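*Asks:* Take a look at the letters that make up each chain.
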Amino acid sequence: MSDKNTTRLMQGNVAIAHGAVAGGCRFFAGYPITPSSEVAETLSETLPEVGGTFIQMEDEIASMGAVVGASIAGKKAMTATSGPGFSLKQENLGMAIMAEVPSVIVDVQRGGPSTGLPTKGSQGDVMQARWGTHGDHPIIAVAPNSVEECYYMTVRAFNLAEKYRTPVVILTDEIIAHLTEKITIRPNSELEIMDRDKPEDSPEDYLPYKMTDSGIPPMANFGEGYRYHITGLVHDETGFPTNDSEEATRQLMRLNTKFDKHLDEILDYEEFNTDDMEILILAYGAPSRSAKRAMQVSREQGVKSGFIRLKTIWPFATQKIKELSHKVDTIVIPEMNLGQIAGEVERLTPDSTSIVKVNHVNGEAIKPKEIVNAIMNKD
Amino acid sequence: MSLRQEIRLSGSGGQGLILVGKVLAEAAAIYDGLNATQSQSYGPEARGGASRSEVIISDGDIEYPKAENLDILLALTQEACDKYHKDLKEGGILIVDEKMVKSLPDENYKIVQLPIIKSATERLGKFIVANIVSLGIIVKISEIVSEEAVRHAIKARVPKGTEELNLKAFEEGMALAKEWMKTHSTLVK
Numbered sequence: 001m002s003d004k005n006t007t008r009l010m011q012g013n014v015a016i017a018h019g020a021v022a023g024g025c026r027f028f029a030g031y032p033i034t035p036s037s038e039v040a041e042t043l044s045e046t047l048p049e050v051g052g053t054f055i056q057m058e059d060e061i062a063s064m065g066a067v068v069g070a071s072i073a074g075k076k077a078m079t080a081t082s083g084p085g086f087s088l089k090q091e092n093l094g095m096a097i098m099a100e101v102p103s104v105i106v107d108v109q110r111g112g113p114s115t116g117l118p119t120k121g122s123q124g125d126v127m128q129a130r131w132g133t134h135g136d137h138p139i140i141a142v143a144p145n146s147v148e149e150c151y152y153m154t155v156r157a158f159n160l161a162e163k164y165r166t167p168v169v170i171l172t173d174e175i176i177a178h179l180t181e182k183i184t185i186r187p188n189s190e191l192e193i194m195d196r197d198k199p200e201d202s203p204e205d206y207l208p209y210k211m212t213d214s215g216i217p218p219m220a221n222f223g224e225g226y227r228y229h230i231t232g233l234v235h236d237e238t239g240f241p242t243n244d245s246e247e248a249t250r251q252l253m254r255l256n257t258k259f260d261k262h263l264d265e266i267l268d269y270e271e272f273n274t275d276d277m278e279i280l281i282l283a284y285g286a287p288s289r290s291a292k293r294a295m296q297v298s299r300e301q302g303v304k305s306g307f308i309r310l311k312t313i314w315p316f317a318t319q320k321i322k323e324l325s326h327k328v329d330t331i332v333i334p335e336m337n338l339g340q341i342a343g344e345v346e347r348l349t350p351d352s353t354s355i356v357k358v359n360h361v362n363g364e365a366i367k368p369k370e371i372v373n374a375i376m377n378k379d
Numbered sequence: 380m381s382l383r384q385e386i387r388l389s390g391s392g393g394q395g396l397i398l399v400g401k402v403l404a405e406a407a408a409i410y411d412g413l414n415a416t417q418s419q420s421y422g423p424e425a426r427g428g429a430s431r432s433e434v435i436i437s438d439g440d441i442e443y444p445k446a447e448n449l450d451i452l453l454a455l456t457q458e459a460c461d462k463y464h465k466d467l468k469e470g471g472i473l474i475v476d477e478k479m480v481k482s483l484p485d486e487n488y489k490i491v492q493l494p495i496i497k498s499a500t501e502r503l504g505k506f507i508v509a510n511i512v513s514l515g516i517i518v519k520i521s522e523i524v525s526e527e528a529v530r531h532a533i534k535a536r537v538p539k540g541t542e543e544l545n546l547k548a549f550e551e552g553m554a555l556a557k558e559w560m561k562t563h564s565t566l567v568k
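Chains as they are written, first to last, in my numbering: chain A, 1 to 379; chain B, 380 to 568.
So that you can see chain A by itself, here it is in the shape it has in the complex:
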């Protein structure tokens, strides 16, 4: 990688692959699926060049299993898929959440359900990213809206995964992943790269699921002299299974609240014109580009619209959205699903707040004028 900024024309999926390597990814296991395959295709060439490992596995279940294993052995590991494959990965994703194994899962959303519309864009997996695997659990999901962000958000996904011992889902969509545009790549030396906390205790005293103040126990890599047990069963601080109800409460509450003290760092969003707004537009991923344009157009037409773009989808930016919703009566939410995030916003806002949904499930991008129309009708 160059020691200067380089500007290139690049596709979103390719940018995710390059961002992964820049973020320290040295292991990829996956099974090809449209519209994510360029991530694997690119990494099959670039990972061996940096001493990393690329494996095309027999299916998605095995791919996610391999990612969990590689991460336990100390590699920053990733897989990439789309809806049907994301369904298959849920079992081992749950394992990674429970065992607190850092990992990155790229889900390039296409039309669903089932095999759906393979070559078309969607945001139908928003709730699957949140609740696709069973049981109460925490998860981080981020959504890029440009090729450049595909790169840097992937770097950040690895940082979040390592720092908080968690799977991180890069929830992108066919439109952004297959978009080709200009990207400026900064030298790797300018990137902030985070690594998992290693134990300071001796192997004899090490507790892999210790109740620490931060909520995130240090993680020893297998093969470095620390022997411990990893299971999907509820476990105590040693990692061995437990059926004790108090211990189960303790560990599960730590797991489910482990992001709470760190929301300032995990949550990421950008706001435009929310100071003087009369109406709020909320969007993420591909439709957020149209939403920003719609904000500009509606302002030119005399409606003071404001805009918030969620970059972190999960955990949800609850406080921020509550705060913004107090300033307006109407929130316009364009999504390429039938209102998965709109439902979350409705839970946080009073009945008097009007939620105007602009939804597509046919795979076509939402046009700026559709959002403008929604804004104008509600003025």
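The hints are simulated quantities; they were obtained by calculation from the structure and are not laboratory data. Just so we're clear, the structure is a prediction, and the values are computed from it rather than from any experiment. Hints should not be assumed to be uniformly reliable.
In silico lysine-lysine, BS3-like type, Cα no more than 25 angstroms apart, as pairs [to be verified]: (1) A:Lys369 x B:Lys468; (2) B:Lys465 x A:Lys369; (3) A:Lys357 x A:Lys304; (4) B:Lys462 x A:Lys369; (5) A:Lys163 x A:Lys261; (6) B:Lys534 x A:Lys4; (7) A:Lys198 x A:Lys261.
Derived, one-sided and incomplete: chain B residues facing chain A with beta-carbon distance under 7 angstroms [as the list claims (entries may be wrong)]: (8) Leu398; (9) Lys401; (10) Thr416; (11) Gln417; (12) Tyr421; (13) Gly439; (14) Glu442; (15) Tyr443; (16) Lys445; (17) Asn448.
Ideal Cβ positions, reconstructed from N, Cα and C, are used throughout, including at glycine.
Given the structure of chain A, go ahead and fit chain B onto it with the hints provided.
*Replies:* Same frame as chain A, now just chain B:
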């Protein structure tokens, strides 16, 4: 508002229209210093089926990366022409292959009907470079990007070993357009 030019390249899967889109976007964004996006829409088939590639070129930010109001439409099949010509703005440029597209829309477009596939097959010996012949026509007629930028982008984007063939195809397309402009100069700037 800043200059925004929208180009759609349409035909069937396997005609190399996505590559043309990437070359055009690269010429604009990397070599001509503008902003450009390229996106695509295609079916699940590896060959055949409707395929389209869209390029937006602007001197400002490009928020919405898809075409809404086309300045230029290339149609290499009748189906593509029938389906997409309505997205052209009034006075927009419609470029079609004369053999594949026989039925032309009766609208106020600048219609450029040329033997694209025939030139690729007979003069260059490869049906497959019809896409780059088309690119030559687009560039010559619209002047949307510089010819030199496109030559750089072709060299950077086409498969290794095919650079010369593709550059020849580009020149062939420009020559076709130049010849056409001699007799249609009043229609197009």
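*Asks:* For every hint, state whether the structure bears it out.
*Replies:* Hint by hint, here is what the structure shows:
The hinted pair formed by Lys369 of chain A and Lys468 of chain B meets the criterion: a straight-line CA distance of about 16 angstroms does not exceed 25 angstroms. The hinted pair formed by Lys465 of chain B and Lys369 of chain A meets the criterion: a straight-line CA distance of about 18 angstroms does not exceed 25 angstroms. At most 25 angstroms may separate the alpha-carbon atoms for a hinted pair to count; Lys357 of chain A and Lys304 of chain A meet this at roughly 19 angstroms. The straight-line distance between the Cα atoms of Lys462 of chain B and Lys369 of chain A is roughly 21 angstroms, inside the 25 angstroms bound, and the hint therefore holds.
Restraint check for Lys163 of chain A and Lys261 of chain A: the C-alpha separation of about 13 angstroms stays at or below 25 angstroms, so the hint holds. A C-alpha spacing of about 24 angstroms is found between Lys534 of chain B and Lys4 of chain A, which places the hinted pair at or below 25 angstroms, so the restraint holds. With a C-alpha separation of about 20 angstroms, the suggested pair Lys198 of chain A and Lys261 of chain A falls inside the 25 angstroms cut-off, and the hint holds. For Leu398 of chain B, the interface hint is violated, the least distance from its beta-carbon to any beta-carbon of chain A being 11 angstroms, above 7 angstroms.
A distance limit of 7 angstroms between C-beta atoms decides the matter here; for Lys401 of chain B the minimum to chain A is near 6 angstroms, and the interface restraint holds. Taken as an interface hint, Thr416 of chain B checks out: its beta carbon lies about 4 angstroms from the nearest beta carbon of chain A, inside 7 angstroms. For the restraint placing Gln417 of chain B at the interface with chain A, the shortest Cβ-Cβ distance is roughly 4 angstroms, inside the 7 angstroms limit, so the hint holds. Below 7 angstroms, beta-carbon pairs count as interface contacts, and Tyr421 of chain B has one with chain A at about 6 angstroms; its hint therefore holds.
Hint on Gly439 of chain B is violated. Least Cβ distance to chain A is approximately 11 angstroms, over the 7 angstroms limit. With a cut of 7 angstroms, the hint placing Glu442 of chain B at the interface with chain A holds, because the nearest CB-to-CB distance is about 4 angstroms. With 7 angstroms as the threshold, the beta carbon of Tyr443 of chain B comes within range of chain A, its nearest partner Cβ sitting at about 5 angstroms, so the hint holds. Using the Cβ-Cβ criterion of 7 angstroms, the hint placing Lys445 of chain B at the interface with chain A is satisfied: the shortest such distance is roughly 5 angstroms.
Interface restraint check for Asn448 of chain B: the shortest CB-CB distance to chain A comes to about 10 angstroms, outside 7 angstroms, so the restraint is violated.
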